[in-house]
Amino acid sequence: MLRRPATTIQLTAADVEQYEANRQRKLYEQQQAQAQKQASSQTTETSENTKNRSQAASAKSKQDRIMGGRGN
1 MLRRPATTIQ LTAADVEQYE ANRQRKLYEQ QQAQAQKQAS SQTTETSENT KNRSQAASAK
61 SKQDRIMGGR GN
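Mapped onto full-length UniProt numbering, the consecutive letters of the sequence shown carry residue numbers 1 to 72.
No wet-lab data here; the hints were simulated from the structure.
No false leads were slipped in.
Ranges of calculated distance between the beta carbons of each label pair, as one might list FRET restraints:
| no. | residue 1 | residue 2 | range |
| --- | --- | --- | --- |
| 1 | Ala39 | Asp64 | 36 to 42 Å |
| 2 | Ala59 | Lys37 | 30 to 36 Å |
| 3 | Lys60 | Ser40 | 26 to 32 Å |
| 4 | Arg25 | Ser58 | 46 to 52 Å |
Computed from a predicted structure; not experimentally measured.
Glycine included, every Cβ here is placed at the ideal spot set by N, Cα and C.
Sequences are here, hints too, so could you generate the full structure?
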């Protein structure tokens with residue numbers, strides 16, 4: 001049986017630069033996705049807080065209508 005010669009891998013400086021550029025790009029994209037996710041969750045929390053305040057004010061005004069205002 002014939003043996004093939006061992007495969008050699010040759011990397012050039014351009015290959016290494018391309019690898020590093022791809023690695024940096026992926027890291028940057030991951031950081032951007034994380035920042036966007038955090039911003040989105042903060043927006044959701046803010047809207048939930050606003051919604052809760054609105055519901056509390058609505059409940060308070062409903063009670064005022066039923067009970068005839070505050071302290072009466």
